Amino acid sequence: MSELFDPLLLGFGVALTPVNVFWCLAGALLGTLIGVLPGIGPVATIAMLLPVTFSLEPVGALIMLAGIYYGAQYGGSTTAILVNMPGESSSVVTCLDGHAMARNGRAGAALAIAALASFFAGTVATLVVALASPAMVRFAQLFQAPEYFSLMAFGLVAAIVLAHGSVAKAVAMTLLGLVLGLVGTDVNSGQLRFTFGIPELSDGIGFVPLAMGLFAIAEIAVQLERHFVRGQSAAIEGLWPTRAELREAAPAAARGTLVGSILGVLPGGGALLSSFAAYTLEKKLSAHPERFGKGAAAGVAAPEAANNAGAQTSFIPMLTLGIPPNAVMALMIGAMSIHGIVPGPQVMTREPALFWGLIASMWVGNLMLVIINLPLIGLWVSLLRVPYRLLYPAILVFCCIGVYGLNNSTFEVALALAFGVLGYVFVKLGCEPAPLLLGFILGPMMEENLRRAMRISRGDPLVFVERPISLALLVLAVLLLVAVLAPSVRRAREKAFVE
Amino acid sequence: MKLSRRHFIAAAGAAAALPGIASAQTFPSRPIRFVVPFPPGGSLDVSARAVADRMTVLLGQTVVVENRPGAGGNVGVDLVAKSAPDGHTIVMGALSTHAVNPHLYAKMPFEPLRDTVAITQVGDVPNILVVGPSVKADTVADLVRLIKANPKGFNYGSGGNGSGGHLAGALFADRIGVPIEHIPYQGGAPQLNALLSGETQFTFDNLANAFPQIEAGKLRPLAVTTPRRSAQVPNVPTMGEAGIAGFDISTWFGIFAPAGTPADIVQKLATASIAALKDPATVERLAKLAVVPVGNTPAEFTAFVRAEHAKYREIVRLSGARVD
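Taken in sequence, the protein lines are chains X and R. Just so we're aligned, residue 28 is where the first sequence starts under the working numbering, counting upward by one. Just so we're aligned, residue 17 is where the second sequence starts under the working numbering, counting upward by one.
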C-alpha cells in the first residue's frame with residue numbers, strides 16, 4: 028500500500044504549502060466564476076492566463092490552471108439550473124432536469140445536489156487518477172479506429188434515447204447535427220465541405236458558438252416573449268435536498284462518476300461526452316423515466332458527477348502519455364512547456380513533486396469548491412430575483428465576450444447569433460437541441476473513424492465485428508435501438524387500432 | 017467643442033492616412049500586434065511569446081501576441097497581409113502558410129510572396145522518422161526492407177492532409193519506390209496516440225512533439241529529416257546518412273509584415289527580433305521546445321522562403337494532397 032500512500036503523502040505535502048493552497052483557491056474561484064458566466068469557458072480563460080503563469084513556480088501555475096478547469100464544472104451547473112443556460116458546454120444536460128427542479132421551487136436543492144455530486148465525483152476521480160493511471164492508459168490504447176466508430180454509433184443511438192417527446196423529432200435533430208458537423212475540411216480527403224468560400228468555416232462550426240446560440244441566446248429570446256410572466260416565480264421552498272431526493276441522487280452520482288472516469292480517459296472525451304452519457308444511462312436505468320426532464324434529482328446528480336469526474340480523469344492521458352485528449356489539456360501541455368517541463372511518460376518519475384502535487388491539489392480544490400459553493404447557494408438563488416432587464420443583457424454580453432475570446436473572431440459571434448435565431452425556431456417547433464449537439468459532436472468523429480478503419484483494413488468492413496470491443500458496442504447499440512423503437516411502434520399500433 | 021460628424025470623419029481620415037507617413041524615427045508609436053495564426057500552446061506559439069517579451073523591452077512598446085487560428089494558418093496571415101503596412105501588425109508565418117498552403121489550397125485569400133515581406137526566421141524544428149513499439153526496425157534500411165516485404169501492413173500517420181508529416185511521408189514513399197497508405201489525423205497529438213497504440217506503424221513527426229516519447233523509450237527514432245543531426249538527439253542519423261538522399265524537411269517559422277512596409281521599419285523590426293533571438297534566456301526557452309533559433313537578415317529569409325515555396329510545389333504534388 029505504501030506505493031500508493033507515499034507518493035500521495037508527497038503530493039499533499041506539496042499541495043498544502045500555503046502558496047499552493049492559495050493558487051488552488053485562486054484557480055477554483057476563477058473557475059467557478061467563469062463557469063457561472065455563460066460563454067466564457069476554461070479554454071479561453073486558460074489561454075488568456077498562460078502568459079501570466081510565466082512568472083509562477085511550475086507547480087503553482089499548473090495547480091491554478093487545473094483549478095480553473097474543474098472549478099468551471101461546478102460553476103457551469105449554477106446558470107444551467109437557475110436560468111436554463113449552460114454556463115459551460117458540459118452542463119448542457121444539467122439544464123434539462125436542473126432547471127425543471129428550479130421551476131418546481133427546488134432550485135436550492137438542485138444546486139446542493141449538483142455541488143455534492145461533483146464533490147463526490149471529484150474525490151473518487153482523484154483516487155482513480157492516483158491509482159489507475161497506468162492501467163487506464165493501457166485500456167485507452169485498446170481503442171483504435173473501429174472501436175471509436177462503434178462507440179460513436181452507440182452514442183448516436185443514445186442521443187435519440189436522450190430526447191424526450193417525439194422520436195421522429197429527435198432523429199431529425201440528430202441528423203441536422205450530423206449535417207452541421209460536416210461543415211469544414213474533411214480530415215480524410217482535405218475536401219472543403221459547405222464552407223461557401225468563407226475561410227472561417229474551413230475548420231468547421233465551433234461548438235461554443237453553436238451551444239451558446241441554441242441555448243443561451245435562444246433562451247433569452249423566448250423569455251423576452253414572455254415579458255410579463257416570470258417563469259421562475261415559483262416560491263423557493265428550502266435550500267436543502269429532501270431525504271427522498273438524496274436517496275435518488277446518491278446512486279446516480281456514483282454511476283455518473285464511473286461513466287465520467289472511463290470516458291474522461293478516451294481521446295476526445297472529457298467532461299462534455301461524460302455528462303451526456305451519464306444522463307442517458309440514468310434515464311435508461313430509472314424506474315420512472317417519464318420524470319426525466321421534469322425535475323428528476325438523478326438527472327442532475329448523474330451528469331454533474333460525470334462531468335467533474337471526466338474533467339479530472341482527462342488529466343490521465345495528459346500526465347502519463349503527454350497526449351492531450353481535449354483542448355484544455357493541450358493548453359496544460361503548453362503551460363508545462365513554458366516552464367520547461369517536457370510533458371510525457373517520464374513526468375511521473377522525473378517530476379514526482381509536480382505530478383503528485385497536482386493530483387493532491389485536485390482533492391484540495393474540490394473540498395474548497397464544495398465549501399465555497401454550499402454556503403453561496405442562497406446567494407446564487409437570489410440571482411433569480413435580479414430583474415431580467417438587467418440579467419439578460421449581462422448574460423448576452425458575457426456570451427459575446429466568451430465566443431469572441433475563443434479565436435478572437437467576430438465571425439463566430441455572428442455565428443452564435445445566427446444559431447440563437449435557429450434555437451428560437453426550435454423552441455417554437457418543440458424540438459430539443461440536445462440531440463442536435465450530440466449528433467454534431469459524434470458525427471464527424473464517427474465518419475473520421477469509419478473511413479480511417481476502412482483505410483487501414485484496405486476496405487474490409489469485417490473489422491468492425493472481428494474486434495471484440497467494437498462488436499460489443501455495436502450489439503449494445505442495436506439492443507438500445509430496439510428498446511427505443513419498440514414502445515413507439517406499440518403506441519403507433521394502438522393509435523391505429525383506435526382509429 | 018461640439019464634434020460634428022463631418023469633423024469626425026475628417027479626423028478619422030487623417031488618422032488613417034498617418035500610417036502612410038510612418039517612418040523609423042517615430043516607429044513604434046503604439047503597441048505592436050503580433051498575430052499567431054495557430055491556437056495557443058504549441059511550440060510556435062510559445063516561441064512567439066518568448067520573442068515578443070524580449071522585443072517589448074528592445075522596442076520600448078508592448079508587443080501583444082494574438083492568436084487567430086483557422087484554415088491552416090491562412091486566416092491569421094490574411095488578416096496581417098491586409099493590415100496597414102506600418103510595422104504595427106506583424107505575423108508569425110510558417111512552412112505551412114508560406115510554402116505549402118499556396119500549392120495545397122485551390123483558393124488562397126492572399127499570395128504569401130507578394131502580400132507579405134519577410135523580417136527574420138525565428139526558428140526551425142527538425143522532423144524525425146519514428147516507428148511504433150510493434151515495428152522491429154532499428155534503422156531506416158530495416159524499415160524499408162519490412163515495408164517492401166509487406167506493403168499492406170504499413171501505414172503512416174500525420175497531423176492532417178498537407179501537414180509536414182504527410183509531405184515527408186509522401187516524399188519517403190516516392191524515394192523508396194513503394195506506395196504507402198497515409199492515415200491523416202486531426203493534429204499532432206492524435207496521430208502520436210495512434211502510433212503508440214499500433215494503429216499506424218511510423219510517422220514523420222516534428223521533434224518537439226515526438227521527443228518525450230523517444231526519451232521515454234516508447235517510440236524508436238530512425239532518422240532526422242534535416243541535412244545536419246539535431247543537438248537534441250545526437251545519436252540519430254540524418255536521412256542522408258541512412259541512405260535516403262535529398263531529404264530536407266523541417267518545420268520552420270518566422271516573422272512577416274504586410275507588403276509595402278517601409279524598408280527602414282522592416283530593418284528596425286529585424287534588428288529587434290534578431291537581438292531577441294540572441295538573448296540567452298530566449299535561446300534557452302526555445303531550446304526546451306526543440307526549436308533551433310535562427311535570426312537571419314530580411315534578405316536571407318526572403319531568399320529562403322522563395323526557395324521553400326518552389327521546393328514544396330513538387331512535394332505537394334507528389335503527396336496528392338489538395339484542399340478545395
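Rather than coming from a laboratory, the hints here were simulated on the basis of the structure. Hints should not be assumed to be uniformly reliable.
[As the list claims (entries may be wrong)] Among the chain X residues that face chain R by a calculated CB cut under 10 angstroms, a handful are:
#1 PHE49
#2 SER313
#3 HIS315
#4 LEU348
#5 GLY361
#6 ILE368
#7 GLU475
These numbers were taken from a predicted model, which means no experiment stands behind them. For every residue, glycine included, the Cβ atom is placed at its ideal position computed from N, Cα and C.
To see whether the hints hold, each was checked on the structure:
Contact between X:PHE49 and chain R, as hinted, is not supported at the beta carbon level, the nearest pair being about 25 angstroms apart and thus beyond 10 angstroms. At a threshold of 10 angstroms, the smallest CB-CB gap from X:SER313 to chain R is about 36 angstroms, leaving the interface hint violated. The interface hint given for X:HIS315 is violated, since its Cβ lies 41 angstroms from the closest Cβ of chain R, which is over the 10 angstroms cut-off. The criterion of a C-beta within 10 angstroms of any C-beta in chain R is met by X:LEU348, whose closest approach is roughly 7 angstroms, and the hint holds.
Against a cut-off of 10 angstroms between C-beta atoms, the interface hint on X:GLY361 holds, since the closest Cβ of chain R lies about 3 angstroms away. Hint status for X:ILE368: holds, given a least beta-carbon distance of 9 angstroms to chain R, under 10 angstroms. Interface hint status for X:GLU475: upheld, as the beta-carbon distance to the closest one in chain R is roughly 7 angstroms, under 10 angstroms.
In the structure shown, a violation is registered for the earlier hints numbered 1, 2, 3, in ascending order.
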